[in-house]
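S.K.: Line by line, the protein sequences give chains X and D.
Read in order, the letters of the first sequence correspond to residues 1 to 501 in this note's numbering.
Read in order, the letters of the second sequence correspond to residues 1 to 501 in this note's numbering.
To be clear, the hints were calculated from the coordinates, so they are not data collected in a lab.
Certain hints may be false.
[As the list claims (entries may be wrong)] Quick list of the computed label-pair ranges, beta carbon to beta carbon:
1) Asn255/X with Asp16/D: 31 to 37 Å
2) Gly488/D with Thr107/X: 45 to 51 Å
3) Glu328/D with Ser420/X: 53 to 59 Å
4) Asp29/X with Thr64/D: 18 to 24 Å
5) Ala55/X with Asn320/D: 30 to 36 Å
[As the list claims (entries may be wrong)] Facing chain D, from chain X, some residues (calculated, C-beta under 7 Å):
6) Ile42
7) Ala63
8) Gly65
9) Ala69
10) Thr161
11) Leu165
12) Glu169
As the structure is a prediction and not an experimental result, all values here were calculated from the model.
Ideal Cβ positions, reconstructed from N, Cα and C, are used throughout, including at glycine.
Protein chains: 2
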Amino acid sequence: MSKAPKTAITPTRSEDYPEWYQQVIKAADLAETSPVRGCMVIKPWGYALWENIQAKLDADFKATGHRNAYFPLFIPKSFIEKEAEHVDGFAKECAVVTHARLEDDGTGQLVPAGELDEPLVVRPTSETIIGDVFSRWIQSYRDLPLLINQWANVVRWEMRTRLFLRTSEFLWQEGHTAHATPDEAEEETLKMLEVYARFAEDYMAMPVIKGRKTDDEKFPGAVDTYTIEAMMQDHKALQAGTSHFLGQNFSKSSNIKFLSSESIEEYAWTTSWGVSTRLIGGLIMTHSDDDGLICPPRIAPAHIAIIPVIPKPALADKVNTFCDQLAEDLAKIQYLGAPIKVELDKRDIRGGEKAWSWIKKGIPIRLEVGPRDIDNHSVFVGRRDKGSKEKYGQNRDEFIATAVETLEDIQKLLFQRALSYREAASKVIHSEKDFYAFFQDDQPSGFAIAHCNMTDALAEKLQKDLKVTARCIPLENNETAGTCIFSGDASDKKIVFAKSY
Amino acid sequence: MSKAPKTAITPTRSEDYPEWYQQVIKAADLAETSPVRGCMVIKPWGYALWENIQAKLDADFKATGHRNAYFPLFIPKSFIEKEAEHVDGFAKECAVVTHARLEDDGTGQLVPAGELDEPLVVRPTSETIIGDVFSRWIQSYRDLPLLINQWANVVRWEMRTRLFLRTSEFLWQEGHTAHATPDEAEEETLKMLEVYARFAEDYMAMPVIKGRKTDDEKFPGAVDTYTIEAMMQDHKALQAGTSHFLGQNFSKSSNIKFLSSESIEEYAWTTSWGVSTRLIGGLIMTHSDDDGLICPPRIAPAHIAIIPVIPKPALADKVNTFCDQLAEDLAKIQYLGAPIKVELDKRDIRGGEKAWSWIKKGIPIRLEVGPRDIDNHSVFVGRRDKGSKEKYGQNRDEFIATAVETLEDIQKLLFQRALSYREAASKVIHSEKDFYAFFQDDQPSGFAIAHCNMTDALAEKLQKDLKVTARCIPLENNETAGTCIFSGDASDKKIVFAKSY
């Protein structure tokens, strides 16, 4: 038997990536499947990640003039039917409410009763219901722009589900805005894409490519869909957020009209944009290693775990007193406008088990503190971005004085590492042959960047032949003219292709 | 025609209280009905109230050791059926999902398809689904106490709905905890009741009576339900929050067992507790007047509206510059740990309309600032707790220096006013005759406090005769022995009775 280094997660990434992903979630106590098909339970450590994502994005949305509101969970069937492409996109996978109560059928069995006149769909997204509301809120150009966001749960009846990445119910935010001109609406669409990109890179430490979707990959009903695409450690792409320019498609189907300053009645120009708990799946697959989750400090549920090491009961007081004071002093330090979050782990379990539990949960910094450290006025530091054995002693006061710097250093390093990873697995491709070779099953795959004039037929062929899709037409550094590698025609844009989640 | 003073809200409270309530909501732009029966749209100003309620309660929950998590929206029918009283309480009013997609029936009509093997209920409350999850999370006494909270939407298919007070879908939080002993669980139940009471009184400025529900008013499946009851301005009671000691009822039906420190397998003792968007209904009916909403400063979406008064265009620059600086200086002041929220209203509408819009929205302080005020280095102050005409000039710097004090003064006054109101409409009753007289339709009604040994038959009779219910058995100042006013038997507790929402 070959002796591989022991890792906390079995299997490792290279052994079985999908199973590794499930095991990281389990080991970090992030989420679990529920008895309701496709619906997940988000556990406290996973939900705290979502709360941190929410808090930062919510502040960003408000800083860009948006206000939160709340719209009904249910959408009348007739609303969903209003926009033709939209209904095609969502009717196949929606939860349908048909009855308003359960009733004893006479045999002691409860059966659905009180059938509704019109079935209700549990919202898969809210363009149609919000469009209906907007049609009443908007009368004049003075009511525009209308900039609204909703934090909500949505349901899409997925056949194959995977925790965070694809679940029947998920949590998200959906921005919905209406504008007087197409230019303003497009500007909004791109502004929110930029908010997402900055958040993904600066907070989740997840490098993203901003781009426009090709027609075959657009949101059902959109004129243009913009996306941020991230690379996971199996070289697949993850669509991490989308921002849609809806033109007048939904304002026409929902009758959102306004009287312009010249007293002309016009349809409004609308947008919608969203990110979801899927971001947590992206976070896991961007940073985690074979020892479990790695949380970027800026989004971590807690920043520092203190693990008292008590070799014999007589020393418990000494160690605990030191650790209590350490926790107190650390919690006085501000990080991103709030106190550093410290977990002082006094559980009655073995020290090794304790340390490994925090490694698996991905806490950025672990401090192990025993009697000898206390005598030296020092702490033993483990950074989660380093290997589990790479620990170092540091003067206690110096550790405290540099704690924020250390957290920011970890944050930066995680981003750089992910960026290098993506760059190493990205390749500019110049021929169809090389393209096919790049995506063969025995190859590492990754992001293929190629000049291409996409067509529906080509999209279908690539999906069928290689399970590859156009992820996006990058918005930046994409100005050189070239030749479509598939048709040989002139092409003015490159497309990023990948296998994807 | 008699000349009544003009009010912003028509009808007034005394003319038609229920309609006044709807008009206050409309005038303050808090919420509206939606095309989905019984579901409301919460508009930005109303949602901001909810966000402030959430932020403070969430901090309180975390400070008392609770962590947030998220559980599925759907509950399998078989789960709801597990607890007999529970299913009786909720089966009659629940949204039932029976299908997983919409499909063209061949005539171009979309109909529900993909029938589910087992119908799913949209959660009316989550004891059963969370109980199932807890049964897996809890193995040993070391896993206890388990202190979880969820912020979520829930659905109860109400027949008669009213914005915020009773809607088919509403937003709430539901705490769910499990403990090793009944004492601990009861302690938790009462601790969270106290958190609610402190929040209601100190933040919503809404005086509440803490009490225990009589058996006929308990939560379906609870051993004991505790409540906070507030008095509205029509003298009716509003149940503003409840905290339930569930005993082992749900742990037995959900099989939540743990191994005690003596290695004995025992059922856990559980609690649940919740408040909802109903609190906003309580806020409206506690403080608002015939000019519209009044927001207690500690929970207000914004604290101060600045209204530039520009008598002629040439003075616009002067006024706007002064107001910009005023807004900037005010926003530097901390109130409850965050900057004072200022609305600088530069809309292009008449000044009077502008001032009234803020009065109707209930902003605690309005500042009207015209050229003459600027010459005097002063501002014209309108406090929402005073009459709309009661305004006063104040030195600008003095206003800024005392802004927090003024806000806290308004907060205190609103509470005191509501408390006096309740006290004036509460009466200790010593006989059945007086009790019936108190609740006659031509009487002002209110809270009747009387010694009573409640029975199901009596509860039914009072409901039928007077539409009156036992609101609670107060926890405080309720130790004197007496005689049940209905049966004449000895009674050791007084009960608060009222008509209620």
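S.K.: Restraint: Ala69/X near chain D, CB-CB cut 7 Å. Satisfied or not?
M.R.: 5 Å, holds
S.K.: Just tell me: holds or violated, for the beta carbon distance of Glu328/D and Ser420/X against 53 to 59 Å?
M.R.: For Ser420/X against Glu328/D, whose Cβ atoms are near 44 Å apart, the range 53 to 59 Å is violated.
S.K.: Given a hint of 31 to 37 Å, does the C-beta separation of Asn255/X and Asp16/D actually sit inside it?
M.R.: 33 Å, holds
S.K.: Could you check the hint for me, namely that Gly488/D and Thr107/X are 45 to 51 Å apart, CB to CB?
M.R.: With Cβ atoms ~46 Å apart, the hint holds.
S.K.: Per the hint of 30 to 36 Å, is the separation of the Cβ atoms of Ala55/X and Asn320/D within bounds?
M.R.: 33 Å, holds
S.K.: Are Thr161/X and chain D close enough, Cβ to Cβ, to be under 7 Å, as the hint says?
M.R.: 12 Å, violated
S.K.: Is the hint on Ile42/X kept, meaning its closest Cβ partner in chain D is under 7 Å away?
M.R.: 4 Å, holds
S.K.: Minimum Cβ distance from Gly65/X to chain D below 7 Å?
M.R.: At 11 Å from the nearest chain D Cβ, Gly65/X fails the 7 Å test, so the hint is violated.
S.K.: Go through the hint on Ala63/X and say holds or violated, using the shortest Cβ distance to chain D against 7 Å.
M.R.: Constraint on Ala63/X not satisfied, violated at 13 Å.
S.K.: Confirm or reject the claim that Asp29/X and Thr64/D have a C-beta distance inside 18 to 24 Å.
M.R.: 21 Å, holds
S.K.: Holds or violated: Leu165/X as interface residue toward chain D, Cβ cutoff 7 Å?
M.R.: With Cβ-Cβ at 16 Å, over 7 Å, it is violated.
S.K.: For the hint on Glu169/X, does the least C-beta distance to chain D fall short of 7 Å?
M.R.: Given a least distance of 5 Å, the restraint on Glu169/X holds.
Hint check: violations occur at hints 3, 7, 8, 10 and 11; the rest are consistent with the structure.
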